[in-house]
Each structure stands twice: as C-alpha cells, then as structure tokens.
Amino acid sequence: MNINYIIGIVGAFGVFLLGCVMGINIGPNAVGDTITFNPGNLWNFFDAASIFITIGCTIFVVLASFPGPMLKAMPKHFKIILNNKMFDPKGYIEQLVELAQIARKNGLLSLEEKANEQSDPFFKQAIMLIVDANDQDKVRGILENDIECMSARHEDAAALYDKASSVAPAFGMVGTLVGLINMLKSMNLSGDGGADTLGTSMGTALITTLYGCLLAHVVFGPVAQLLRGRDSEEVLCKQIIVEGVMAIQAGENPKSLRERLLTYMSQKQREMGGEAGGEAK
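Quick note on the working numbering: the sequence shown kicks off at 1154 and runs consecutively.
Hints should not be assumed to be uniformly reliable.
Said to hold, decoys possible - Here are the simulated SDA-like cross-link-like pairs (lysine to any residue), alpha carbons at most 20 angstroms apart as the crow flies:
1. K1229 with K1316
2. K1291 with E1396
3. K1316 with V1395
4. K1316 with E1251
5. K1277 with D1288
6. K1267 with G1161
7. K1229 with R1306
8. K1267 with K1421
9. K1421 with M1239
10. K1316 with A1403
11. K1238 with E1386
12. K1277 with V1388
13. K1421 with L1389
14. K1232 with P1222
15. K1229 with D1384
16. K1225 with D1309
17. K1238 with E1387
18. K1243 with N1259
19. K1258 with E1387
20. K1267 with L1363
21. K1225 with D1315
22. K1316 with K1243
23. K1243 with N1406
24. K1408 with N1259
25. K1243 with G1382
26. K1238 with L1389
27. K1225 with R1293
28. K1316 with E1297
29. K1421 with E1387
30. K1316 with L1389
31. K1267 with R1257
32. K1316 with N1406
33. K1277 with G1382
34. K1421 with R1411
35. K1277 with E1297
36. K1258 with L1389
What the hints assert, rightly or not - Label-pair restraints from in silico Cβ distances:
37. V1174 with R1381: 34 to 40 angstroms
38. N1298 with H1370: 23 to 29 angstroms
39. I1334 with P1228: 36 to 42 angstroms
40. R1257 with D1299: 40 to 46 angstroms
To be clear, the hints were calculated from the coordinates, so they are not data collected in a lab.
Since we're looking at a predicted model, the values are computed, not measured.
All residues carry an ideal CB built from backbone N, CA and C; glycine is no exception.
Working from the sequences, and respecting the hints, build out all of it.
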C-alpha cells in the first residue's frame, strides 16, 4: 500500500480544513485566546453552484477529451498508484540469473518450461523469443518496441489527469466570472442592501477558484505524477529483462550477468532488495 499518497492527500485536506476554522491571535495588541476554532467558518467555503460549475464542467471536458476505454480504466489507475510492490527489479535479476544457469547447463530449449511458469506476459514473451532461436537484433527490436508502446499508453493515462488538472482551475475562474457577473447585475447601490452584500457576494464568486485549485493540485496532480513514476519503474524492470535475455542468448556467465544487471539499480535499491522504487536510479 502506498501509504505516502494516502497520508499526503488526507493531510492536505486536513490542513486546509484546519486553516478554514482556526484563527491565531498574536501580536502586541492581541486580546483573548491565542488560538481559536470556529467550525461554523466551514460553511463560508461551501457553495452548491460553485461545486456544480467547477466539478461538473471538469468531468465533462475530460469526458469529451478522452476515449471511453481510457476513462473506464480510471479505477485501475488508482489501484496502480496505491500498490507499492508491483515491480521488483532485483526479483527479475534473480530469475534471469537462474535462467542463465539453466541455459548454460541444458541449452536454450530447456527454458521453455520456465517461460510457461511466468505470470508476466512480457517476461514469458522474451524467454520464448530466444527459445525459438530468433535473431538477436530481431528479439531486441520486438521487446524494445513493446516497451516504447507500453510507455506511450502510460503517458496517455497520465495525460488524462494532466488535462483535468489544467481544466479545473480554468473552470474555477469561469465560475468566479459567473459569480461576479451575477453580483454586478443585481447590485443596486442606491437601494437597501446593495453595498452591504458586496463582500458576501464577492466571497461566493471566489469560491469556485478555490475549488479549482484544490482539484488540480490535491486530487489530479499527484495521480499524474505517480502514474509516471510507476511507468518508470515498469520500464526499468523490462529493460532489465531485455538485457538479461540478450545475455542469456549470447551465453554470458551467470555471475557476470548478475553484476551487469545490478548496475540498473541504485545502491540503495540493491541493499533494500529492489523495493526503493521511487529512489534515484
């Protein structure tokens, strides 16, 4: 479980809500309690029309910008960012070293059984390509093209949240303009209550901008960043697989293979067994 994401999102909203209700009374002329709490202030930040404009318009613009299958995959995206142990580069290295030992002892054809045991389709495909005695350049080309296409799909998924992150503040401003227009149209400075309601009306108009900023920087932005991070981790593992199977096909010594593949990982990852996925590589 990606506890950092949960702590970050809950903490961001918690600090925001605390800031809405808390007051700090300090200074030479301060009177009364130093820290005060007024839960009733939360109602100042609630406006149904602002929610309708900001969230509703953001959802429909994203809906119009991306195909249905990508939108249906959104629950899967959250599953990916919440799972911290999806990719284990050192685990792949150990498997490749084992395959190298088997291949040196019994030949490449003996790897077919091991390939059928793999749950990772890419790893299975890579092993079967060398078992079928394909040319090295052909094997590398197929596998690297697979990685490039996968990374492009992942970038499209992250772009969905980038789009939402850019659209939400824009519609926050649109909601603010709508509120200001309605406020100015209904303002009557010569009548009763005209100028008295100016502050309240202005506050309501600005709430949409607040909603847009929260959606962009607390909800959508972190998801896009984490999806790109997971893509980097998966690409790293697949690059290790490609180099590993190429070395096995060339008959490289298992010990030297291990040392070469470990160079894809940072020193900290090697010490932690490959679990420091977000660290510098």
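Consistency of the hints with the structure:
Straight-line distance between C-alpha atoms of K1229 and K1316 comes to about 18 angstroms, which keeps the hinted pair within the 20 angstroms bound. Distance hint between K1291 and E1396 is fulfilled; the C-alpha atoms sit about 14 angstroms from each other, no more than 20 angstroms. Proposed proximity of K1316 and V1395 is contradicted: the alpha carbons are some 33 angstroms apart, above 20 angstroms. A C-alpha spacing of about 44 angstroms is found between K1316 and E1251, which places the hinted pair above 20 angstroms, so the restraint is violated.
Restraint check: the Cα-Cα separation between K1277 and D1288 comes to about 17 angstroms, which is no more than 20 angstroms; the hinted pair holds. Between K1267 and G1161 the CA atoms are separated by roughly 41 angstroms; this puts the pair beyond 20 angstroms, and the hint is violated. Of the supplied pair hints, the one linking K1229 and R1306 holds, its CA atoms being roughly 14 angstroms apart against a limit of 20 angstroms. Pair hint K1267 plus K1421 does not hold up; C-alpha atoms about 30 angstroms apart against a cutoff of 20 angstroms.
The straight-line distance between the Cα atoms of K1421 and M1239 is roughly 18 angstroms, inside the 20 angstroms bound, and the hint therefore holds. This hinted pair does not check out: K1316 and A1403 have alpha carbons roughly 45 angstroms apart, beyond 20 angstroms. Between K1238 and E1386, the direct Cα distance comes to roughly 10 angstroms. Compliance with the 20 angstroms bound is thereby established for this hinted pair. As the CA atoms of K1277 and V1388 are separated by approximately 16 angstroms, the hinted pair is consistent with the 20 angstroms bound.
Between the alpha carbons of K1421 and L1389 the distance comes to roughly 15 angstroms, so the proposed pair stays at or under 20 angstroms and holds. In summary, the hint linking K1232 to P1222 is supported, as the alpha carbons are separated by about 16 angstroms, within the 20 angstroms threshold. Distance restraint check for K1229 and D1384: the Cα-Cα separation of roughly 14 angstroms lies within the 20 angstroms cut-off, and the hinted pair is therefore satisfied. For the proposed pair K1225 and D1309, the alpha carbon gap of about 14 angstroms is at most 20 angstroms, so the pair holds.
Restraint check for K1238 and E1387: the C-alpha separation of about 11 angstroms stays at or below 20 angstroms, so the hint holds. About 24 angstroms separates the Cα atoms of K1243 and N1259, which puts this hinted pair outside 20 angstroms; it is violated. A C-alpha spacing of about 30 angstroms is found between K1258 and E1387, which places the hinted pair above 20 angstroms, so the restraint is violated. Between K1267 and L1363, the direct Cα distance comes to roughly 55 angstroms. Violation of the 20 angstroms bound is thereby established for this hinted pair.
Simply put, K1225 and D1315 have alpha-carbon atoms about 17 angstroms apart, close enough for the 20 angstroms limit, and the pair holds. For the given pair, K1316 sits about 35 angstroms from K1243 by alpha-carbon distance, which is inconsistent with the 20 angstroms threshold. For the hint pairing K1243 with N1406, the CA-to-CA distance comes to about 18 angstroms; that is within 20 angstroms, so the pair holds. Note on K1408 and N1259: the hinted pairing holds, with a Cα-Cα distance of about 17 angstroms set against a maximum of 20 angstroms.
The straight-line distance between the Cα atoms of K1243 and G1382 is roughly 18 angstroms, inside the 20 angstroms bound, and the hint therefore holds. With a C-alpha separation of about 14 angstroms, the suggested pairing of K1238 with L1389 holds against the 20 angstroms cut-off. With a C-alpha separation of about 33 angstroms, the suggested pair K1225 and R1293 falls outside the 20 angstroms cut-off, and the hint is violated. For the hint pairing K1316 with E1297, the CA-to-CA distance comes to about 28 angstroms; that exceeds 20 angstroms, so the pair is violated.
Restraint check for K1421 and E1387: the C-alpha separation of about 18 angstroms stays at or below 20 angstroms, so the hint holds. A threshold of 20 angstroms between alpha carbons decides the hint, and for K1316 with L1389 the separation of about 26 angstroms lies outside it, so the pair is violated. Only pairs whose Cα atoms come within 20 angstroms are accepted, and K1267 paired with R1257 is accepted, the gap being roughly 14 angstroms. Straight-line distance between C-alpha atoms of K1316 and N1406 comes to about 48 angstroms, which puts the hinted pair past the 20 angstroms bound.
Proposed proximity of K1277 and G1382 is contradicted: the alpha carbons are some 24 angstroms apart, above 20 angstroms. Taking the CA atoms of K1421 and R1411, the gap is about 17 angstroms. The hint holds against a cut of 20 angstroms. Restraint check: the Cα-Cα separation between K1277 and E1297 comes to about 15 angstroms, which is no more than 20 angstroms; the hinted pair holds. Only pairs whose Cα atoms come within 20 angstroms are accepted, and K1258 paired with L1389 is rejected, the gap being roughly 28 angstroms.
Remark: the range hint 34 to 40 angstroms for V1174 to R1381 is upheld by a beta-carbon distance near 35 angstroms. At about 36 angstroms, the beta-carbon gap between N1298 and H1370 misses the expected band of 23 to 29 angstroms. Remark: the range hint 36 to 42 angstroms for I1334 to P1228 is upheld by a beta-carbon distance near 38 angstroms. For the pair R1257 and D1299, the supplied restraint of 40 to 46 angstroms is violated, since their beta-carbon distance comes to about 26 angstroms.
Figure legend: structure checked against the earlier numbered hints; hints not met, in rising order: 3, 4, 6, 8, 10, 18, 19, 20, 22, 27, 28, 30, 32, 33, 36, 38 and 40.
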